[in-house]
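First to last, the sequence lines map onto chains P and X. Start counting the first sequence at 1; every next residue gets the next number (my numbering). Start counting the second sequence at 1; every next residue gets the next number (my numbering).
Note that these hints are calculated values from the structure, not bench results. If you're wondering where the values come from, they're calculated on a predicted model, not measured in any experiment. Careful: at least some of the hints might be erroneous.
[Claimed, not checked] Covered by chain P, according to a simulated footprint, are these stretches of chain X (three or more residues, beta-carbon under 8 Å): (1) 160-172; (2) 200-213.
[Claimed, not checked] SDA-like, lysine to any residue: derived pairs with alpha carbons at most 25 Å apart: (3) X/Lys224 with X/Ala175; (4) P/Lys224 with X/Val167; (5) X/Lys224 with P/Asp177; (6) P/Lys14 with P/Gln35.
Note that CB positions come from ideal geometry on N, CA and C, so glycine has one too.
2 protein chains.
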Amino acid sequence: MRPTAEPRTDAGAKLAILAGGGTLPARIAAAVRGQGREVFIVAFDGHTDPETVSGLPHLWSRFGAAGTILRRLHDEGVGEVVFAGPVRRPSFTELMPDWRTARFLARVGTRALGDDGLLRAVVREVEEDGFRVVGLHDLLKDLLTAPGLVGRHSPDADAERDIARGVEVARALGALDVGQGAVVQQGIVLAVEAVEGTDAMLDRCGSLRRPGPGGVLVKVKKPKQDRRIDLPTMGLTTVERAAAAGLRGIAIEAGGSLLVDRAAVAEAADRLGLFVLGIESSS
Amino acid sequence: MRPTAEPRTDAGAKLAILAGGGTLPARIAAAVRGQGREVFIVAFDGHTDPETVSGLPHLWSRFGAAGTILRRLHDEGVGEVVFAGPVRRPSFTELMPDWRTARFLARVGTRALGDDGLLRAVVREVEEDGFRVVGLHDLLKDLLTAPGLVGRHSPDADAERDIARGVEVARALGALDVGQGAVVQQGIVLAVEAVEGTDAMLDRCGSLRRPGPGGVLVKVKKPKQDRRIDLPTMGLTTVERAAAAGLRGIAIEAGGSLLVDRAAVAEAADRLGLFVLGIESSS
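Throw the hints in and build the complete structure from the sequences for me.
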């Protein structure tokens, strides 16, 4: 086993990427392979972009097939597991359990499906099978949002008040395990995020916006959220959709969110006139 | 002055109806005139349904023209004022203040625009001019939602859990002065309401719903809300949109919301297979 600069991951172990949607899983695969590590992709029907598995060893599966997935990871000699990319709440059909999954669901209870308790239980289950679950930020340290500005625009005093209001609302929603985001304009909460996701929330803000200075998008980690799963994520698309919705900035929790492709985000923010700010957690 | 069965309103006084959207202002006008009272309608450009003022003494105005409106109410000999029907947050153009409004806004501060503080301040301002502000439920007692079922369908144990979760979330949002409603399905919060309104929230639930038993809509009064302004309201349209979104029921706060046309709501709920339940406030 080789020494590693990343104390929370073992660079000598084969890494399984449990791949949600978007481009993040493919980015992680490319970065990790660039470090000389072997990867194995678990792709989920209807969620993972097929491009993700192109040319890489992989398994297509349903969420409910936990037994099959874990057996395959053992067979492949996987040592570490990472959850990458958003997974919209799976439907019951997708969760249709095999024997292993049924035993798991019976233990955690189906009511847990409504909250992060499910994801935390999944992490525990994978760890009890002998795998090490690592966070995306353990693999790519510069993925975690740093405090401070990205790009050259910065919020004025009004925008800072909107950010504070957005943090208050998003944190309260997060404490209830509802969502991670809110949009605030001139003190008015235009939209709050539940299962529709940030993109859909931003899209409806286009018609809800008021005249005058635009709103801000705020995303924070849920207070009890395990940083290894489903951290708030933003990238180029978020900036573009925020601009299309007439917003003038984005504030995301430093150390509690992922910033995908910082250079592209900074370029787009500068070009579109938005500020992007990593805000310190108050807790 | 005649004696009245309604201690909180003076049936001998002329009533000004500050009319928001929908059919509620016209219903109130018809009911009050049926009791032999005189009414005067203040209609707002772009908000009030033109049908509302048909055949009735009225004034079309902008929100910002508080001076003009209050002078006219004095000239008309108005004694009581009621706020009826939803008003989406007015734009800044609509609020463009006359001298009286400017003095008012300067005193309450424009940051109050973001919350119910504005509406409370408007009520105080109208009262300081010598008018009595009454609630819709003071005029039409059976408009206030009663505890218990409307129609013949009732929630099962799963739906009751979804209601409890919805109340928890909607109340927290209300405490933050964000919104009054949430939709919960199988323990998952599908949507939470901000400025888009209940109808728009229901419409997006159609594509967010999961297979299996449908969700429930929960609406509660904001904890600090004055019952004379902007109570959560439901009527026939709410039932029809909830059914179209695949919901199986609606729970609204008894004593803290308005049920418009109870007979039509019961008929539609029975026909469409939804329960409608007035729930007791826990506070």
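Hint check:
Requiring three or more residues with a Cβ within less than 8 Å of a Cβ of chain P, the coverage given for the region 160-172 of chain X holds, as 5 such residues are present. Figure legend: the region 200-213 of chain X, annotated as covered by chain P; annotation consistent (6 residues with Cβ-Cβ distances under 8 Å, at least 3 required). Annotation: proposed proximity of lysine 224 of chain X to alanine 175 of chain X holds, straight-line Cα distance about 7 Å (limit 25 Å). At roughly 21 Å between alpha-carbon atoms, lysine 224 of chain P and valine 167 of chain X fall within 25 Å of each other, so this suggested pair holds.
Distance restraint check for lysine 224 of chain X and aspartate 177 of chain P: the Cα-Cα separation of roughly 24 Å lies within the 25 Å cut-off, and the hinted pair is therefore satisfied. Simply put, lysine 14 of chain P and glutamine 35 of chain P have alpha-carbon atoms about 12 Å apart, close enough for the 25 Å limit, and the pair holds.
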